[in-house]
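Using the hints, position chain B against chain A.
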Amino acid sequence: MINDTITSKSSRNMGDYLNPLVRSIKPSGIRKFFDLVSGSKDIITLGVGEPDFCTPWHVREACVYSLERGKTKYTSNAGMPELREAIGQYLDDSFQVTYDPDKEILVTVGGSEAIDLALRALVCPGDEILVPEPCYISYSPIISIGGGVPVGIETFAKDEFKLTPEALQAAITPKSKLLVLCYPSNPTGGIMTYEDWLPIAKIVEDNDLIVISDEIYAELTYDQKHVSFASLPGMKDRTVLVSGFSKAFAMTGWRMGYACAHPDLIAAMLKIHQYTVMCAPIMGQVAALEALKNGKEEKEHMVESYNMRRRLVVKGFREIGLECHEPQGAFYAFPSIQSTGLTSEQFAERLLYEAKVAAVPGDVFGQGGEGFIRCSYATSVAQLTEAIERMGKLVTKIKQEM
Amino acid sequence: MKELSELSLNILKLLKEDARRSPDLLATMLGVEESAVQTAINEMEADHVIVKYATVVNWSKVDEEKVTALIEVQITPERERGFEGIAERIYLFPQVKSVYLMSGAYDLLVEVEGKNLREVANFVSDKLSPIQSVLSTKTHFILKKYKQDGIIFEEREDDQRLVISP
Chain A
1 MINDTITSKS SRNMGDYLNP LVRSIKPSGI RKFFDLVSGS KDIITLGVGE PDFCTPWHVR
61 EACVYSLERG KTKYTSNAGM PELREAIGQY LDDSFQVTYD PDKEILVTVG GSEAIDLALR
121 ALVCPGDEIL VPEPCYISYS PIISIGGGVP VGIETFAKDE FKLTPEALQA AITPKSKLLV
181 LCYPSNPTGG IMTYEDWLPI AKIVEDNDLI VISDEIYAEL TYDQKHVSFA SLPGMKDRTV
241 LVSGFSKAFA MTGWRMGYAC AHPDLIAAML KIHQYTVMCA PIMGQVAALE ALKNGKEEKE
301 HMVESYNMRR RLVVKGFREI GLECHEPQGA FYAFPSIQST GLTSEQFAER LLYEAKVAAV
361 PGDVFGQGGE GFIRCSYATS VAQLTEAIER MGKLVTKIKQ EM
Chain B
1 MKELSELSLN ILKLLKEDAR RSPDLLATML GVEESAVQTA INEMEADHVI VKYATVVNWS
61 KVDEEKVTAL IEVQITPERE RGFEGIAERI YLFPQVKSVY LMSGAYDLLV EVEGKNLREV
121 ANFVSDKLSP IQSVLSTKTH FILKKYKQDG IIFEEREDDQ RLVISP
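In order, the protein sequences belong to chains A and B. Heads up, the first sequence is in the working numbering, so the first residue is 1 and it goes up one at a time. Heads up, the second sequence is in the working numbering, so the first residue is 1 and it goes up one at a time.
Keep in mind that the hints were calculated from the coordinates and are not lab data. One thing to keep in mind: the hints can contain errors.
[Claimed, not checked] Result set (DSS-like, lysine-lysine): computed pairs, CA atoms no more than 30 Å apart in a straight line:
1) Lys225/A / Lys52/B
2) Lys13/B / Lys293/A
3) Lys41/A / Lys26/A
4) Lys13/B / Lys296/A
5) Lys61/B / Lys41/A
6) Lys138/B / Lys293/A
7) Lys16/B / Lys315/A
8) Lys299/A / Lys13/B
9) Lys293/A / Lys16/B
10) Lys2/B / Lys299/A
11) Lys315/A / Lys61/B
12) Lys147/B / Lys299/A
13) Lys296/A / Lys2/B
14) Lys296/A / Lys61/B
15) Lys16/B / Lys299/A
16) Lys225/A / Lys16/B
17) Lys147/B / Lys296/A
Values in this document were obtained by computation on a predicted structure and should not be read as measured data.
Just chain A, same shape as in the assembly (with noise of 0.2 Å):
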């Protein structure tokens, strides 16, 4: 008897024992590109999501001070109250949102947590939630785990991956709950207009929506300003507005993020993040408020930047026979590779092993994602140089084998 239970034990598999939500998770495909890429070597990369510039040195040396001065301790849960003062005008400043920093902003780790708990705060079991596809490889794993519904709406290159409002009319039911926006788009560089809002809010409104907008890649639009979704008429209290300050401030690396919404919705996100994490990170606090304070210049410097690489991959792409739409906002293109007769994964891989450049296959970011890859274009201008001429060569030669 006890035998059979020993035995029976240990062989169990140790999978038997994970919440059933969490095993079937699939892994993510960028993961599986990840370990297929590591393992070669000279190669060029444009399969990086983040900025190639490192955190201004006086963001750096901001925190370092600070750190001399002997602050590691914590800070209140949503955050320093200067630094969500200082986001509340930013956010004034540059998007005309205004929030109320002592109840309606709360600083997390990364843009990637304010996510997580806006959807676990909101999701129930059954409840759909609208994701326009393709997009950030986020949302939909963790919308299943809290028992919700990933409903998917596929987007197209000759909408500029735009979300139209016949598409999301059309995915809509009585279950759906949620609308996950991101804006400028990874991994299509995709943006919405203001007048390209106007007929999204009147659907979100119309079918009682919440929206949860992930705003991360707000600062680097180009020829035109970013419109936030909290911005337009009466969305600002059905969206939950989720940014940070990796991207436009290069600061991947210290995870920070915060989220800005109804006073109720900030209130239950709070208490899920202070159970979980209790506060930020205070240097990536400090390190943060520097940024907002004095980090102007070197912003604006870095998406200048990008806007000329941008230029540069579009003309090259289109130059070695690629369709790709003119992506307006963040670091990415998102060049078709329909007329190579071969998937995104098969492209890739030849892409990776022939001409040793990494880029992103499109499939990984969902629906309307094959036929494409995402390459980042925040790399040197020499190697996105070399990087475009030597995949010219291997589209080419892929041609001519058909």
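Relative to the frame of chain A, chain B by itself:
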């Protein structure tokens, strides 16, 4: 002095980073026609706004004996010409690499290069000090160059990013 257009300023910034960038590449990066870039460059070359396309060399990597000194020079300005005449007399020496007119405790800062300490010392005692209007000199030898003209000399492994990230 003439005011430069925004395009010209942007071209200068990009050329300062890498002088070998072609007009075609510059035009793409700036979103303008190549001919506009070419015209702007031609104008700046003609106006001597662009003086030269030189190479930044880290001589400490090269096994060649070379010492550089910065010399503070106090002078009496000349009637009519002020500092210009003396500055010219000094900068025409080929071993003089740069000359600045300074505010503060001295007048000219002169960068001198020589094969060794003695050569620089000889320059100071034989050429520089004897100039009539030179009142005094103070020579500082450079031990190491970390950064010059915005360019850091040390090779830094700055890109520590993961090769693929979401």
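Below or equal to 30 Å on CA atoms is what counts here, so check Lys225/A against Lys52/B. violated, 38 Å
30 Å limit on alpha-carbon distance, applied to hinted pair Lys147/B and Lys296/A: holds, 25 Å
Taking 30 Å as the top limit, are the C-alpha atoms of Lys296/A and Lys61/B close enough? Given that 30 Å is the threshold and the Cα spacing comes to 37 Å, the pair is violated.
Distance restraint between Lys13/B and Lys293/A, which requires alpha-carbon spacing of 30 Å or less: Holds. Lys13/B to Lys293/A sits at ~26 Å (cutoff 30 Å).
Decide if the proposed pair is consistent with the structure: Lys13/B and Lys296/A, CA atoms, cutoff 30 Å inclusive. Roughly 19 Å between the alpha carbons, so the hint for Lys13/B and Lys296/A holds.
Check the hint pairing Lys296/A with Lys2/B against an upper bound of 30 Å on the C-alpha distance. holds, 29 Å
Given the hint that Lys293/A pairs with Lys16/B, does the C-alpha gap stay at or below 30 Å? holds, 29 Å
Check whether the Cα positions of Lys225/A and Lys16/B lie no farther apart than 30 Å. Distance of about 29 Å is within 30 Å: holds.
Against the 30 Å threshold, does the CA-CA distance of Lys138/B and Lys293/A hold or violate the hint? Not satisfied, since the Cα-Cα distance of roughly 42 Å exceeds 30 Å.
Please work out if Lys61/B and Lys41/A have their alpha carbons no farther apart than 30 Å. holds, 27 Å
For the pair supplied as a hint, Lys41/A and Lys26/A, confirm whether the alpha-carbon distance does not exceed 30 Å. The given pair, whose Cα atoms are some 28 Å apart, holds under the 30 Å limit.
Hinted pair Lys16/B and Lys315/A, Cα distance within 30 Å: Within the cut-off at roughly 23 Å; holds.
Of the hints listed earlier, those the structure fails to meet are numbers 1, 6, 11 and 14, in rising order.
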